[in-house]
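Trainee: Whenever a hint applies, use it, and build me the whole structure from the sequences.
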Amino acid sequence: MPIEVPMGAISPTMESGQIVEWRVKVGDKVKEGDTLADIQTDKAVMPLESFDEGTVAVLCAQVGQDVKVGSPVLILAGKGEDAQAIAAKSGAATAAAPAPAAAEPQVKHEAQGADAPYREMTSSPTQPEISNGQGKPAATASEVHGGGRIKSSPLARKIAASAKVDLGQVPPTGPGGRVIRRDVEAFLASRPAGSAVPAPSKAAPAAKPSSAAAKRTPHSPMRKTIAARMVQAKQSAPEIHVTVDIRIDEIVSIRERLNKQLAAEKIKLSVGDFVTKGVALALRKHPGVNATYEPEAIVEHPDVNVGIAVALEGGLMVPVLHNADTLGLREIRQGSEAIVEAARKGKLTSTQLTGGTFTISNLGMYGVKAFDAILNLPQVGILAVGAGEKRPVVVGDTLQIGTVMTVTLTADHRAVDGALAAEFLRTLKGLLEEPTSMLL
Amino acid sequence: MSQATTEAKPVVSKNQAVGWLRQMLLIRRFEEQSYKLYQMGGKIGGFCHLYSGQEPVAVGSIGVLREDDYVITAYRDHGHALARGMGANEAMAELLGRYTGCSKGKGGSMHFFDAEKGFLGGHAIVGSHIPLAAGVAFASKYQNKDSVCICYFGDGAMNQGSLHEAFNMASLWKLPVIYVVENNMMSMGTQLHRHSCLMDLTVRCGTAYGIPGYSIDANDIELVATTTRECAARARAGEGPSFIEMKTYRYRGHSMSDPAKYRTKEELEDAKARDPIVAYEHILKDRGWIDDEAIERMHDEIKAEVEESIKFAEESEQTPPEALYQDVTVAHHIPQE
Amino acid sequence: MSVIAYREALNQAMSEEMERDERVFLMGEEVAEYDGAYKVSQGMLARFGPRRIIDTPISEEGFCGMGIGAAMVGLRPIVEFMTFSFSLVAIDQIVNNAANMRYMSGGQFAVPIVFRGSSGMAGCLAATHSHRLEAWYAHIPGLTVVMPATPADAKGLLKSAIRSDDPVIFIEHEVLYGDKGEVPDGEHLVPIGKAEIKRAGSDVTLITYSRSLKATMAAAETLAGEGIDAEVIDIRTIRPLDLDTLLESVGKTHRAVIVEEDWPYCGLGAGISDRIMQKAFDELDAPIRRVTTKDAPIPYNRALEASMLPSVDRVVAQVRDVMYSRL
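Residue numbers (this note's numbering), protein chains in the order written: chain A, -15 to 424; chain B, 75 to 411; chain C, 558 to 884.
Mimicking EDC-like on lysine to aspartate or glutamate, the simulated pairs with C-alpha atoms at most 20 Å apart in a straight line are: (1) K142(A) to D839(C); (2) K73(A) to D12(A); (3) K219(B) to D578(C); (4) K215(B) to D612(C); (5) K142(A) to E805(C); (6) K199(A) to E297(A); (7) K836(C) to D799(C); (8) K135(A) to D878(C); (9) K413(A) to E234(A); (10) K219(B) to E579(C); (11) K142(A) to D760(C); (12) K215(B) to E579(C); (13) K13(A) to E37(A); (14) K377(B) to E388(B); (15) K269(A) to D309(A); (16) K244(A) to E321(A); (17) K751(C) to E805(C); (18) K248(B) to E586(C); (19) K215(B) to D578(C); (20) K248(B) to D612(C).
Read the hints as simulated data drawn from the structure, not as lab findings.
Mentor: Below, the structure written as structure tokens:
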């Protein structure tokens, strides 16, 4: 029997994976554990490994193509089987592989999928398959739902399907994260007019053709995830923003001294590392901020795992520095460097991607003075860090020049009230203005 | 000897007697061919209980009833149906599950019905039809008719509560019903002495309820007939139910899967040596009502008739898929699916 | 319109049908001389005489079988169970003979019979005398099962049941016998197989029958105070279910709660819920919920027994749940 190798759920939340690069070609012999392809998941580029031995008979997809989890990626000829015969036999069904029919690869996969029992078994049967009317599945389910399948009432699914709404983008308010009718209706009501219909209305006058075509970039899995999560956060979490200015003159001078000592190790602390350390300690003191909001409960976490937002080409990711409150500044710097590097190379491990209890987003390096960040649900807090800059500072009755940084805490008001947010920031301000207190 | 009784006092006309012989032969042939079809071709499924050996019971008793009387029996029902005049074709077609069968292929061996002939069914839950017979008799009485209902069951059914409830009411209300226990001495495989506290069934089922009880040798078809006739007369006169124990013997196992280990080969051989059909052939020959040639011809005709019934059944339409939802209720059946 | 009690409505139905059709008779324990254990047949012996109003021995299997036999040959018996709990000793007759006869005989025989009597938890009768057997009988193709909740339906449905050519399980409720209500004067027939919307509403469909209608209607009023507009449907006929009426309502409200005195597991509501989901899954915005008797034998103790029954509070709680109104 030929062996069909399906797209695996390499990341726990992925719906589909994009073939970044084939590591095998037709005719290659592979054994268990061999890497078959590099797959762009919603989180990272991961290797797809073979669980079987055989000869590659058919590649079912092309580089750049999205393959749904459970749909075949390639077909192996088993021991004693003729790879060419298998290729010929599966020819029609798998024409997508050799023929660059880029416009409609997904359609072909659907057809294949119908014959693939594995897909039947593994693809979540309750996963809504919403057509966008073009024969392709619409945007896949997203992180709005905390990964895994989207729970929704049948009616919500029906309404979403007819309105061509990706249920994954609809923030759920039903029990256990279920999307119910009112959620879809609220989502539709909140959508900008016109956005409901993917195809332009016939009544609308045809726009004059532009001399230069607009650049159209199909959503990458990461972009879809970001979009869905941001929408969800904005729609489901009532946010509160609390801002405080922090003098960082002490940090600046301590940092200079320490960096001299660390020069030999080629380690260079940033102001951000001090902020990370301070945030971690403040979280330890205020467990109500080191928490996640779940439908039935607020969950305060025993560990302080700080997520660091990292800008990437085409998006951003939030790798996690685990147990940040227990780390020294050197470890924070090294840890941060490691995860940022991994993120940029798409090599983050799932441990590095999960378990965050709070997030720091720092745009200081761009000279931003202050900004509001959007929550990274289900976490209840995210700190937006601006640039440290020289500002006039009133000390007593005198005006001085001080280095000041503005930070803004965005908190989920369902879990964090204004006073708690303020107390958290007061603690943080105290720690950062008197950095030696972090030694305590 | 029952034979002596019959010789001394013929109770039927020549035509009727020859007709009974013919019916008994038909039942025997029908049952033996059913046995073959069941075993050889797998054409008959499920449970199939054969009447071979017990023919005088059905033929002799039903033979003295009127057209407006009712017959109801248990699951060993082929013989009663044929004795009541059901055609071999309809009977065989039912065994083969055909739409032309007497129950449209939905009843099978144990559930033959023929409304036109007043044949109210084979019933497969032991004892369950005994109250039905009382109800049929009740209806006769309620409507001031003098139809009677005859109800057959095996000795095993005497141990069911339904029998005792029905007997009490039938006697209490003097219902025109004749209850016949076909005592073949084997309740499936448990012989009478192991399942009945009394060996005299007329005491258990007759005396106990104030119902006149008879116990007769049912190998004597004319004794069966006279006894039944007497009971029917009582019923029509408004004197209530009767109970007849008809001692008989079944040649085959309880059903097709029964090796009948509960009896000896000698016992069976002995019974066959006293075969009631052969005995009746002798009686009729002795009376000069039939000769060997006619008997031979009768055998051939019956052979052909049963052959024809198999052909009819095999050529008949299988009960079609749409029949699944037919006749569930008189009102339009709405499947609750 | 006249206001009469549920038991009187039943009595009228039987009496009117017996006047109308000579083939109809009533048979059961204590139906004649005693005037009925629950006085449903009061006065009928005097009116129709012992030929047609027949006291039987305590032999449920026997007289049920007799009724079936009589029905096979042209009569139209009404067989009364003192309570349906006692039908358990006659269930072979009902299931094997009454329900199957027409089918097994290839349509040659009909069994036009009504099995009627009280049922349900009537108060301190304990486990053996408090059975609710509607799901048992509704399970059987060939049977029709009817459960009136009001005097008007008791009369109209019983008359239809007596006129039915098929075996009808007509289940009354012991605690309803004294309930009074308006019953149309003159010939009053309620069709078998038709549910009735007892209260129109738009937010949630409450499906119920028999005695549970009362708690359900009360719950609907409570919910109205919370701004929840419940539609209450009395299914009246258990089999065949008037699915169309239920689907139409659920299509409007997108949620349903079934209220029943049956036990939960394999109870009637389970079957109803299944059928709604098969036909209207995409209309549902919440799982179908059920309020049932709790899953234990029925205790003698009054308070324990009361605690098992579907109550207004339990109905309201389930409705809030399917309305997501706690969140």
